[in-house]
Amino acid sequence: MKKYFLYLFLLFCLIECRSQNTNLKFENFEFESIFGGQKGDKSNVYCLLGKGFFRTPSSENTDELINSWILNHKNIKIILVSSLIDDNNGNINYCWLEDEYGNTINEFLIKNGCFPGGTMMRPKTLKEEPNDYMSIDESKIKVYIDSKKYEEFIQKIKKAEQFASDNKLGIWNED
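In this text, residue positions in the sequence shown follow full-length UniProt numbering: the first is 1, and each later residue adds one.
Some hints here could point you the wrong way.
With a straight-line cut-off of 27 Å between C-alpha atoms, the simulated DSSO-like cross-links for lysine-lysine are [stated by the list, open to error]:
id, residue 1, residue 2
1, 74, 39
2, 77, 159
3, 39, 51
4, 158, 77
5, 140, 39
6, 148, 51
7, 168, 111
8, 42, 142
9, 39, 77
10, 77, 156
11, 77, 25
12, 25, 74
13, 25, 156
It is worth saying that the hints were derived from the structure and are not from the lab.
It should be emphasised that the depicted structure is a prediction, and the values quoted were computed from it without experimental measurement.
Build out the structure end to end from the sequences listed, making use of the hints.
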């Protein structure tokens, strides 16, 4: 009987995660800089950065690169990574924008030196990082992406950041 409930619970989690990611249609969204939202919905904010988006350094051409990437890519999918849940004001959702080839705007921004790579990390829970002052109570965060896909993404981000640093692009430009 326990096994039955476990399978039922896992099936529910799978359906919930899929529904969160598949119901987000890019044509229903508007993005301005790193923030976006569904047209007509002011309670949920979608952000291309996971951590530190309020105080992170950014390059001067960030908004231009975001607009260019969006205009030059078709069939963009919104991949919901995590949500910070605010019962009073709506959610702040960390997302990736992915093209038909699996390339993300997020990696593109890091590779062009728009932001440091650490901004692409999703917020951690207190269980994951109990000694980090930026960790969040488990009841206030929901994670949608599986750990394997997330780790693959983070490895791409590390390489992109190294590329931007080596080539002195954006924030890595000493001038």
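For this session: Tell me, in ascending order, the numbers of any earlier hints that this structure violates.
Result: Checked against the structure, no hint fails, so every one of them is satisfied.
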